[in-house]
Amino acid sequence: MIAIFKREFKSYFISMTGYVFLAVMLVFAGIYTMAINLLQLSPSFEYVLSNMTIVLMIVVPILTMRTLAEERRSRTDQLLYALPMKLSSVVMGKYLAAVAVYGLCCGIFCLYPLVLSLFGEVYMLGAYSAIFGFFLLGSALIAICVFLSSLTESQSISAVLGVAVLLAIYLLSSLVELLPATALGSLLCFLALIAALTAIVYVLTKNLIICGVTLVICAAPTLITYFVNSTLFEGLFPKLVEYIAVFDRFYSFADGIFDLTAIVYFISIAVFFVFLTVQAMEKRRWS
Amino acid sequence: MIEVKNLTKKYGGHTAVRDISFKVDKGIYGLLGPNGAGKSTTMNIITGCLAATSGTVLVDGHDIFEEPVEAKRRIGYLPEQPPLYMEMTPSEYLVFVANAKRVPFEKSIRQIKEVMTITGLAGVRNRLIKNLSKGYRQRVGIAQAMIGDPDTIILDEPTVGLDPKQIIEIRDLIRHLGKTKTVIISSHILAEISAVCDHILIISNGKIVADAPLAELENSADEPICIKVKCDEARAKGVISRLFPKASAKYSADGDFTLISLTVDDSEKVRSDIFFAFSKEGIALTELHRDDKTLENIFLSLTNDNYVEEADAEWKHYESPEIDSKSDDGGYTPLFSAKNEEEDENE
Numbered sequence: 001m002i003a004i005f006k007r008e009f010k011s012y013f014i015s016m017t018g019y020v021f022l023a024v025m026l027v028f029a030g031i032y033t034m035a036i037n038l039l040q041l042s043p044s045f046e047y048v049l050s051n052m053t054i055v056l057m058i059v060v061p062i063l064t065m066r067t068l069a070e071e072r073r074s075r076t077d078q079l080l081y082a083l084p085m086k087l088s089s090v091v092m093g094k095y096l097a098a099v100a101v102y103g104l105c106c107g108i109f110c111l112y113p114l115v116l117s118l119f120g121e122v123y124m125l126g127a128y129s130a131i132f133g134f135f136l137l138g139s140a141l142i143a144i145c146v147f148l149s150s151l152t153e154s155q156s157i158s159a160v161l162g163v164a165v166l167l168a169i170y171l172l173s174s175l176v177e178l179l180p181a182t183a184l185g186s187l188l189c190f191l192a193l194i195a196a197l198t199a200i201v202y203v204l205t206k207n208l209i210i211c212g213v214t215l216v217i218c219a220a221p222t223l224i225t226y227f228v229n230s231t232l233f234e235g236l237f238p239k240l241v242e243y244i245a246v247f248d249r250f251y252s253f254a255d256g257i258f259d260l261t262a263i264v265y266f267i268s269i270a271v272f273f274v275f276l277t278v279q280a281m282e283k284r285r286w287s
Numbered sequence: 288m289i290e291v292k293n294l295t296k297k298y299g300g301h302t303a304v305r306d307i308s309f310k311v312d313k314g315i316y317g318l319l320g321p322n323g324a325g326k327s328t329t330m331n332i333i334t335g336c337l338a339a340t341s342g343t344v345l346v347d348g349h350d351i352f353e354e355p356v357e358a359k360r361r362i363g364y365l366p367e368q369p370p371l372y373m374e375m376t377p378s379e380y381l382v383f384v385a386n387a388k389r390v391p392f393e394k395s396i397r398q399i400k401e402v403m404t405i406t407g408l409a410g411v412r413n414r415l416i417k418n419l420s421k422g423y424r425q426r427v428g429i430a431q432a433m434i435g436d437p438d439t440i441i442l443d444e445p446t447v448g449l450d451p452k453q454i455i456e457i458r459d460l461i462r463h464l465g466k467t468k469t470v471i472i473s474s475h476i477l478a479e480i481s482a483v484c485d486h487i488l489i490i491s492n493g494k495i496v497a498d499a500p501l502a503e504l505e506n507s508a509d510e511p512i513c514i515k516v517k518c519d520e521a522r523a524k525g526v527i528s529r530l531f532p533k534a535s536a537k538y539s540a541d542g543d544f545t546l547i548s549l550t551v552d553d554s555e556k557v558r559s560d561i562f563f564a565f566s567k568e569g570i571a572l573t574e575l576h577r578d579d580k581t582l583e584n585i586f587l588s589l590t591n592d593n594y595v596e597e598a599d600a601e602w603k604h605y606e607s608p609e610i611d612s613k614s615d616d617g618g619y620t621p622l623f624s625a626k627n628e629e630e631d632e633n634e
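For the record, the sequence lines run as chains A and B. In this text, residue positions in the first sequence follow my numbering: the first is 1, and each later residue adds one. In this text, residue positions in the second sequence follow my numbering: the first is 288, and each later residue adds one.
Think of the hints as simulated: they come from the structure by calculation, not from any bench. Since this is a predicted model, take the numbers as computed values, not measurements. Do not rely on the hints blindly, as some may be mistaken.
With a straight-line cut-off of 30 Å between C-alpha atoms, the simulated DSSO-like cross-links for lysine-lysine are [stated by the list, open to error]:
#, chain 1, residue 1, chain 2, residue 2
1, A, K86, B, K310
2, A, K206, B, K292
3, A, K283, B, K494
4, B, K421, A, K10
5, B, K297, A, K283
6, A, K86, B, K400
7, A, K10, B, K417
8, A, K6, B, K400
9, A, K86, B, K297
The following block holds chain A by itself, in its conformation from the complex:
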């Protein structure tokens, strides 16, 4: 894992990716600091970070687009498969290298509150917990984008896919209000979701039996629960969608709350998507 991590980290700075990522992040952080902290005379670095989430949405896919897509295109993934090493440590090495580049950026952010404290009173705990939250948010997004990179052979597709998915997640919290909150509405949304899942299963396996089993396993309990106790479904779907809105979790940090559930949430998102990436790599050995 360490060997993969080292190579990957170095390659970020041999190619331009690492520099571009750091430069864009720091330029925008600089602009926001200038606008919010210096011109509006606000002592809170937290506000800068909550504005930076939108920049994060665009640069994280650029940071991670190469990770696995490029290996696959240049056939170097054959080396990774043939190395006496578990696939999970290969993926972990790659993921951690991307996180390390991002961590470098957050490390530089740590200097900003210090600079600001030269001009007045800064609430250090709030600023640093926000930076920590920002780091975790980014790590979760990187995991999502690394997974997307493992799905394709082309860097550009992986980047576009990444931006699209992150944008959807970013807009999710405002979309929630449009969703039906009644019990029947929720049920229909769930059924639509189950139908989509079954379709995906069919595309992946081309097997009608597995497909039918998935449909029954997912749809039957949903329908039974609905007919037994329909009040459970009231507002359930919007709540579930809200749960996927990764960005929203960060705003409690920006408001000065050190949110433990959010920390657990970010870490579980990261672990889940790294796991999915390993499965995606493993799946390729089978086809």
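Take the given structure of chain A and dock chain B to it, following the hints.
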């Protein structure tokens, strides 16, 4: 030592490898077969890059699917396209591979130096891989496979795309490796395999059709004697059956001539007997020769039959009945189209 048992690999509906079993001990082994026969698939499965549909692969007793890390440590693999990171230099790349294979630091320095000397990379060690020629890239790939001192080195078409001088150099390198290690190379070029290998496995259409030492394979043949005489088939048959009542012979007409292919033990005496027998009858004998069974003939005879047969079957399976490959005689050569089809599937 590598032991492959009942290996099968299916890609969707297409079976790339069917129930292959073989054993590999010390020496240089050649995996030979036409394009799309399943060589690369087999190698990818042995090295753990691909999962098999069924069957097992044991590397020194370690199952590649059950204990992949232990098994992979004993194998060095060069895939068809060398897996090189273009933005690195050979020495950086080899250091990375040594780290990834968990070679201890002291040992890795010694090993990288040694491997570079053997493969002749010392002169280009600090140039970027993307600026190296194909031959040097191939060497970096071979060097990568040698790192970690594995007992078995598997090279998939190691000389493809190289110039003749580079081919000779790579062959020398393979021979050098074969002195101490098990080497498996694949190729669809016969000269290549017969030049370096001690033992040959011929794969055709996903099946092993021959598995024998090179020398044995070359001696195995009894090629028939070919005779061409100026007479009709019945007369020729009469002469031959009087001369060799037990021998099997095939006859075919060719204008005024009859071609006979006769399977008997060849000797001076047999040949003179044939000559005098025909001249006594007043029949002109225009040809009398016997092909030495070269590796090429063995290869073609082993791969052709079931190759065309199976490809034909598959062909018919796909095509509508009015395009019958047999009825269409206008310049149609089943072997050619069968090969094309195989290649397409391979891609």
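How the hints compare with the structure:
1. A:K86 to B:K310: At roughly 26 Å apart (the allowed maximum being 30 Å), K310 (chain B) and K86 (chain A) satisfy the hint.
2. A:K206 to B:K292: Between K206 (chain A) and K292 (chain B) the Cα gap is close to 29 Å, so the pair holds against 30 Å.
3. A:K283 to B:K494: Holds - the C-alpha atoms of K494 (chain B) and K283 (chain A) are around 25 Å apart, at most 30 Å.
4. B:K421 to A:K10: holds (25 Å)
5. B:K297 to A:K283: holds (14 Å)
6. A:K86 to B:K400: Judged against 30 Å, a Cα distance of about 27 Å means the pair holds.
7. A:K10 to B:K417: Holds: K10 (chain A) and K417 (chain B) sit about 17 Å apart, inside 30 Å.
8. A:K6 to B:K400: Distance ~21 Å between K6 (chain A) and K400 (chain B) Cα, so the pair holds.
9. A:K86 to B:K297: holds (24 Å)
Checked against the numbered hints given earlier, the structure satisfies every one of them.
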